[in-house]
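Each chain is listed here by its residues.
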Amino acid sequence: MEASEIKKRLEELLSSELVWKIGEKQTGDGWVEIPLEKWTEACRLARDDEKLLFEFLRALSGVDRPGENNIELVAHLFSYRHRHAVVLKTKVSRENPVAASVCSVWPAAEWYEREIFDLLGVNFREHPDLRRILLPEDWPGHPLRKDYQQPASYRGIPTSRPAPEGSAS
Amino acid sequence: MRTVFEYLKALQLEPFWQQLLAAAAVVVIAALVFVVALTIAGLLVVVERRVAGRVQSRIGPNRVGPLGLLQWLADGLKLIMKEDVIPAAADQPLFRLAPYLVMVGVFSAFASVPFGMYLIAADVNVGVLFILAITSLGTVGILMSGWASNNKWSLLGGIRSAAQIVSYEVPALLGALSPVLLAGTLQMSGTESEPGIVALQGGWPWQWFVFRNPCALGAFFVYFIAAVAEGNRTPFDLPEAESELVAGFNTEYSGMRFAGFFLAEFANVYLVSAVATTLFFGGWQVPGLSLAEQAGDPRWIILGLVIFVAKASIFCFVIVWLRWTLPRLRVDQLMGLCYRYLLPLGLLCLLGNAALVLVASEGSTVDWVLRLLTLVPAAAVLVLFFWRVSYHIRRVGDRVDLDLLARGVKGRFHPERHRHYGKLASPTGKGVTQ
Amino acid sequence: MSEILQSSGERQELVLNMGPHHPSTHGVLRFVVHTDGEIMRRAVPDIGYLHRGLEKLAEGCSWAGYMPFTDRVNYLEAMFTNLAYARAVEKLLALEIPPRAQYLRVMACELNRIASHCITLGCIAMDLGAFTPFVYLLRERETINDLIEELCGNRITHNYMRIGGVAFDVDESWLKKVSAFLYHFEPVIAEFESLIVANEILAKRMAGVGVICAADAVAWGLVGPNLRASGVDFDLRRDQPYAAYDGLQFSVPVGRDGWVHPDSVVGDCYQRFLVRVEEMRQACKILRQCIAALPSGEIMAKVPKALRPPRGEAYAAVEGARGEIGCYVVSDGGPQPYRVKWRSSSFSSMSIIEHISRGLMIADLVAVIATLDVIAPETDR
Amino acid sequence: MKALDRYLLPVARSLVTIFDGLAVTFSYLFRRPITIQYPDRIEKPVADMLPERSRGILEVDLQICTGCSMCAKTCPIDCIKIEVQSEPTTKQRYLTRFDIDIGKCMFCGLCVEACPTGAIRHSHEFEGTTCDVRRLVLHFVESARPVAKPPKKGEEPASPPLGSIVRPLLGTAFDPYRPPKPVELPRPAAQAAPSETEGGNI
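Chains as they are written, first to last, in this note's numbering: chain A, 5 to 173; chain B, 8 to 441; chain C, 18 to 398; chain D, 17 to 218.
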């Protein structure tokens, strides 16, 4: 199914107006904007509906947009049976980033959401085991945020090696 | 004059000097056997690494000494100089004692290994029983090292090896009983006056116990597989399975103590092959000569020694070769193999031997038929094996040293030398000989 | 020894710490294994030891300058990660790639796939105790690395692809060397099969162990050989062809019951092992077709020196040796990528280990990790 | 019979497969090993064995370096540092510093592609072990050199053989670290002009 048909199908299921967007010169992938409160429901419908059958969560990534003061959750979905793909997006406010978890829809999302929590600081409600996955438990801050300052040292270990005397930077 | 003690008795000294000299003789012989066993274990380490290298199309140690034969001295020195770390929370006394128990278990068994006609430290009349009993002392040492190093991995390694060695004792014993049954005595070497297992076999293959009848061949396989398992060698090296248990029971050991475990393992490999040659392949018997002729001339005794060492090293090669070919069994499969396959086969071969010994007396036509019945299939398998080896060489090309970038170096992939160089690969073409 | 036996209700449990320096965890991974004797209750993976922040690094590089970093996402599949990033940015720029560059990309990727499978199959055999097959396949991998070194100058971190095409062209002698290698390598695969693949001990160690059904595989996001071994017949190169794959004929091996060994079930370790052996043979077939059909012409599209893709985002996926490697690129029109996200196959196959590790033995956990082919750098990025 | 099959078939299969596996390993005893016994038992130095495009340690042919520092700009990790000072009186621009920190370099080859005159290139040297990390910074400029004009198409000067520039700089592993001597401009006039550095983003 084409991207527009998928969007129409989703609108029927969610019974609410959705927006389909694409990049500046119509290059790259288009995506469907989902309101935050309908995020889990939209994902469940996308997986279970006969016409869509997106049972494969290809990737769940977070993009920090300090300009628009929100963090985007981007889900790339793919269906093995219908061989079609879609990109769903939702926006989470940057001050108290809390979103509903989609672990119940795709078990694969559990680790993706833990990574987004770890690197971007987005909390997920009813996530079975939300804790940092890549960084140590007590690492200050969330690195993938645009305004992240690298701490000078962690538990006494310097995080950057001084360039040897005479080197470039 | 068969043993040193008769020679001493002939000197007619006073009893005090008599006992002193006898004690000194015992100490000298024990030291001699220990040194021989140590050098054999050391050489076996180098042989294993050379064979492993050659099997994996690489070279193996060739820098220390001629052809790398002194590599084991270099390793030994290194291990002696290395710091001997004892973990803080380890159970000190047990930790220190464990390697000695394992070494005692293996090296003392060399006492009754018949290197030559008279070249045996103690030709006790319960030779086979002594060897199989003393080697299981190693289990205590391994369990002790597993527990004492206070490391979860070694604990698992220790428990696994205890279960393995104890359960493989039984098939090893059953396998060893068949030649004892054929010979009628437990004595390992023996002479024409009081015949032992080797003395009762002849020099030619059809006179060996292993080809006496098919059940004896089966008993050999049972014994060999069980003995390899008892020595913790692949495909049964569960206790120190590198990939699962890091290094099993000897994880925490270093320096001289680790060398103890290491040498004990290789001495055990030689012990297994020595016992296999003695029991099944007519140890030091020189083909074509009767016992009397061999006893007469010391040159034949030396030839017997050479023959024995040659046969034992063939089995050492087989054990080493198994290690670099086969994957490892899981613990439950290991136990299953022992109880479900080796035990019944061992019993079957023992009963079969007993029955056939009753039916076929020595030298009767039935006896000859049985010997041919085992010798011919064994020879056929050997010929099939060498044909299969030549097939593998022909398939990939006799020389793997193709030097892709014409670096002018012997050992790499030479596209120009490849017989199909110059023609572009056809889209549907198959490999050279599919 | 008291702290070893933590009592947890009905039977005491031994908590083992497998890793991060453990011979069978490839690279730096750690498993906290709760075992009851030999049988495992739970194996909780702990990743992050090799997290280098490659996604944060992208925000500091120029578009073309990030290419060398893509080699380091997965050091066994540098060509595939190069291609994923290059295709994502080309999708944003809507670039047309010359056909010769497409074929060169396919050849480089297939060579890299064979090298990566050599490591994987060797590691599976080595973890189960057979060290020799590992050395044989490493010897063949040396030859492939030499071929790639002659192509692009580096054995492992190739940095061969550029946005808009490839960096170096090939000549006749290189094609002849690849052909000579193919003639030499196909019988070596057959020899590997007769040495270890059908081996009863190996089969017994892997058949029926760590079974992953098709639904679980899709739900947990398994891709590539792991997915095909569970019976899902999907391959990006055939179903969503990119580069020059649509013109090439090759078959995609899929797991089935009783393949080679009667006890083997769809989705178990043994099927994952067999799928990779067959894929190596198919990669040789693809290479042969590419050598025959290599068009002449340009190897690089016209790309401005200071690259500024239009604002927008693109996701491009490539069928790597371990399955789909996706690169999600977001551009805000500036000279530097705004956000790069790597969809790595090891990350998702790592997440399923805890789910299937109940009831396995420790030796089986080693087999499961090896056949799922989990690579630490790709998991942590 | 089913149970008997399940009992005996594995035995048959294992005998056949182990037999064949042993045949393969035994066949390797008759084939030649492929080990290259680096570093001492090889016919020619490894640097000559490497293919032509092999990316080893960087070296700069200062005869044709125009000091444009394109390479410093394209390097993703900024490990190239160039300083060009112009002589106030004669307005002649001098290369006073060209350092490459080989400890940071990842041999990606982007600088070689960016260089218009092909001055910077990858030698086939790779044996750069040192005991002091400071010796990994290679200083190509000892005395101030006038910046070269971009050569005309025909007569490029003969470039020195690959690796000959960088091998003396690498030296052996145990050479002690000697800090680079500061490079002064040649002073036809009395006082030295204040140096304005251009290029080489620090």
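None of these hints come from the bench; they were simulated from the model.
Among the clues, some could well be false.
[What the hints assert, rightly or not] Reference excerpt, derived from the structure (chain A facing chain C, CB under 7 Å, subset only):
1) L22
2) W115
3) P147
4) D151
[As the list claims (entries may be wrong)] Computed, partial: chain B to chain D, Cβ under 10 Å:
5) Q63
6) N69
7) S297
8) V325
9) W328
10) L333
11) V390
12) W394
Just so it is clear, CB atoms sit at the ideal spot from N, CA and C, and this is done for glycine as well.
Status of the hints after comparison with the structure:
no. : hint : in the structure
1   : L22  : violated (18 Å)
2   : W115 : holds (4 Å)
3   : P147 : holds (5 Å)
4   : D151 : violated (12 Å)
5   : Q63  : holds (7 Å)
6   : N69  : holds (9 Å)
7   : S297 : violated (36 Å)
8   : V325 : holds (9 Å)
9   : W328 : holds (7 Å)
10  : L333 : holds (7 Å)
11  : V390 : violated (12 Å)
12  : W394 : holds (9 Å)
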